[in-house]
Amino acid sequence: MGKKTINIPLGSQHISLLEPVKFRFECENEKIIKVDSDVGFVHRGIEKACTTKFKYDTVGYVVARICGLCAITHSLCYTTAVENLLEGEVSQKVKYLRILLVELDRIHSHMLCLSHVCENAGFEAMFMQIMGDREYIMDLQEKITGNRIQFDYISIGGVNRDLSSELIKDIKKNLDIVKSKVDEYIDEFTNNWSLSLKFQGIGALSLEEAYSFNAIGPLARAAGLATDVRSESNYLPYDEVGYKMQMASDGDIYSRNMVRLNEILNSIQMCHNIVDGLPEGEIHTKLKGKPNGESLVRLEAPRGELMYYIKGDGKSMLNRVRIKTPTFASIPAFMEVFQGSNYADAPAILASFDPCISCTAK
Amino acid sequence: MKKIESTIETIVKDIEKFYVEKTWSFLTLNGVKLDAETTEIQWIFSKYAAMDEVVIFYIEVTQEQIIPSIVELIPSAIISQREIVDMFGIAVDGSSKGLYLDEDSEQMPLSNCGI
Chain A
-3 MGKKTINIPL GSQHISLLEP VKFRFECENE KIIKVDSDVG FVHRGIEKAC TTKFKYDTVG
57 YVVARICGLC AITHSLCYTT AVENLLEGEV SQKVKYLRIL LVELDRIHSH MLCLSHVCEN
117 AGFEAMFMQI MGDREYIMDL QEKITGNRIQ FDYISIGGVN RDLSSELIKD IKKNLDIVKS
177 KVDEYIDEFT NNWSLSLKFQ GIGALSLEEA YSFNAIGPLA RAAGLATDVR SESNYLPYDE
237 VGYKMQMASD GDIYSRNMVR LNEILNSIQM CHNIVDGLPE GEIHTKLKGK PNGESLVRLE
297 APRGELMYYI KGDGKSMLNR VRIKTPTFAS IPAFMEVFQG SNYADAPAIL ASFDPCISCT
357 AK
Chain B
7 MKKIESTIET IVKDIEKFYV EKTWSFLTLN GVKLDAETTE IQWIFSKYAA MDEVVIFYIE
67 VTQEQIIPSI VELIPSAIIS QREIVDMFGI AVDGSSKGLY LDEDSEQMPL SNCGI
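First to last, the sequence lines map onto chains A and B. So the first sequence is residues -3 to 358, counted in our numbering. So the second sequence is residues 7 to 121, counted in our numbering.
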C-alpha cells in the first residue's frame, strides 16, 4: 500500500475529549508523523484579575475557580505562598486537614481519569461504575467543605471548617468502600483485555523522553521518572502521614492507569492516617502583615506539579501572581507521545494524559 | 529559592552551563513588570529528589528587546516562551504569537500589571 498523508484534527469539540483543546495530526496512513496543538480557546485572564481586581486575601477564592477538579490544590498553593510572606505559622492540625482535602481531590480526579480511559476503550459499563463510585468521595468533600466542587475551604492562616466525630466516621466508612472498589478496578485494569493488553505498549513515553520534556505527575512516574512534589517539598508533612511514591517503568497507557490506581490506594491510606492521628489545635491562626517580597510554592496536584509565584510590596494588591499548571507544562510531552502513534489510539492516549484545559486556560 | 542574575547576552550560555537534564527540571518562564518599560524575565528550575531546591535565572528586558530562546536545550520551554510573547508582548526568538490571543492581536494583557 502506498503512503498517503492526511491531516486530521482532534478537537476542539470531540466526542473523546469534552474540553476546548485542539490537536492537528499529520498522518501517513494510520501513523501520526507530526502534531500541532492549540490550547487557547477559552483563556480567562485569571492571572491579570488576581493583580488588578482582587485583594490578596480574596485571591485564594478566585484561584479555587480555575479548576473544578483540583480547586483545593490551587487555593492551597496560593495560600501557602502568601503565608510564607506573613508573620506567624499555621497549626499542625491545619496542615493535616489540608493534606486530607488535597488527597480526596486526587482520589476523585484519578477516578474521573480512569473512567474516561474505560470510556475510550469502549468499556461503558466500567465508566459508569467508576463515576458512580466517585460519588462516595464527592459526598465526603461536600460534607467536609460544604461544596462538591470549587470549595472555599482553605483560608489564609487555616481552614474554614473542623471535622466532627460523626464526620470522621463517615470519612472512614466511605474510604473503606472506595478502597474495596479500587481493588476490583485493579483486577479489571490488570486482567480485562480491553483495559490491559490493549493498552500495553500504546502511547509510551520513555524515561529519556520524560527527562527531555520535563514530564511531571503520573505521566512521569509511569515512565520511571521519580518525581513528586509531595517528596520534594516540606510545606505539608507528607512524611508523617504515610506517603509513598508510586512508580511504573513502561510509560504506556497501562502504566499510567496502574500508577493512578496505586496512588488512589496510597491516598486512601494517608486519609485514614490523618483522621486517626489528627493533632489537637486551632483551625485558624491570625497571621500579621501584608505580603511583601517574592514567594514560590509547588504542590503536587492530581496531574502533576502546580506552581504559584507571587510578588507583593506590602499593599493589598499583589504585583504578580504567576500560575504554572500541570497540563499546560505537559503539552510538549503530550505532543511527543502522539508522534509515531496510530491515529486510532489517539483518543485513548489523550484520555490517559488526563488533560485539564480548565487549568491550562487559566 | 535562589536567584541568579544574568544578561540578555549571556542567559542562554548561563543556563547551558547550569542545566543538567537528569538533575534539574525546568518549570516555566515567568515575567514580572518592574516599571512601564522594564520586565524581569525568569527561568525557573527545581532539583529532582531535593527538598524545595528552586533556582531562578533572571534578566531585565525592555519591550523592544528580543529574548533568546532555550528551546534547543530544553524543548518543553516552547510553550512558556509563547505565553510570554502573548501576555507581555515581548518577543522571544523563534516563538510565535497566537497561543492564547489571535496572531494579529495588539493586546498584551500583563504588560501593565503590578506597576
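Hints in this document: simulated from the structure, not taken from any laboratory. Treat the hints with care, as some may be off.
[What the hints assert, rightly or not] Here are the simulated lysine-lysine pairs, BS3-like style, with alpha carbons at most 27 Å apart:
hint, chain 1, residue 1, chain 2, residue 2
1, A, Lys44, B, Lys103
2, A, Lys44, B, Lys23
3, A, Lys(-1), A, Lys194
4, B, Lys8, A, Lys44
5, A, Lys286, B, Lys103
6, A, Lys30, B, Lys103
7, B, Lys9, A, Lys311
8, A, Lys284, B, Lys8
9, A, Lys311, B, Lys8
[Claimed, not checked] To spell it out: a stretch of chain B is covered by chain A in this simulated footprint if at least three of its residues, at any positions, have a beta carbon under 8 Å from a beta carbon of chain A; those stretches are:
hint, stretch
10, 15 to 24
11, 63 to 72
Backbone N, C-alpha and C define an ideal beta-carbon position, used for all residues, glycine too.
Okay, the hints, checked on the actual structure:
A distance of roughly 18 Å separates the Cα atoms of lysine 44 of chain A and lysine 103 of chain B; the hinted pair therefore holds under the 27 Å criterion. In summary, the hint linking lysine 44 of chain A to lysine 23 of chain B is not supported, as the alpha carbons are separated by about 34 Å, beyond the 27 Å threshold. Proximity of lysine -1 of chain A to lysine 194 of chain A is assessed by CA-CA distance (about 26 Å); at most 27 Å being required, the pair is judged to hold. With a C-alpha separation of about 26 Å, the suggested pairing of lysine 8 of chain B with lysine 44 of chain A holds against the 27 Å cut-off.
At most 27 Å may separate the alpha-carbon atoms for a hinted pair to count; lysine 286 of chain A and lysine 103 of chain B exceed this at roughly 36 Å. Distance hint between lysine 30 of chain A and lysine 103 of chain B is fulfilled; the C-alpha atoms sit about 20 Å from each other, no more than 27 Å. Our distance criterion of 27 Å between C-alpha atoms is met by lysine 9 of chain B and lysine 311 of chain A, whose separation comes to about 23 Å. For the suggested pair lysine 284 of chain A and lysine 8 of chain B, the alpha carbons sit about 25 Å apart, so the restraint of at most 27 Å is met.
A hinted pair counts as satisfied when its Cα atoms are at most 27 Å apart, and lysine 311 of chain A with lysine 8 of chain B qualifies at roughly 24 Å. A count of 0 residues in the stretch 15 to 24 of chain B with a Cβ less than 8 Å from any Cβ of chain A is obtained; the coverage claim is therefore unmet, three being the minimum. Counting residues of the stretch 63 to 72 of chain B whose CB falls under 8 Å from any CB of chain A gives 0; the rule of at least 3 is not met.
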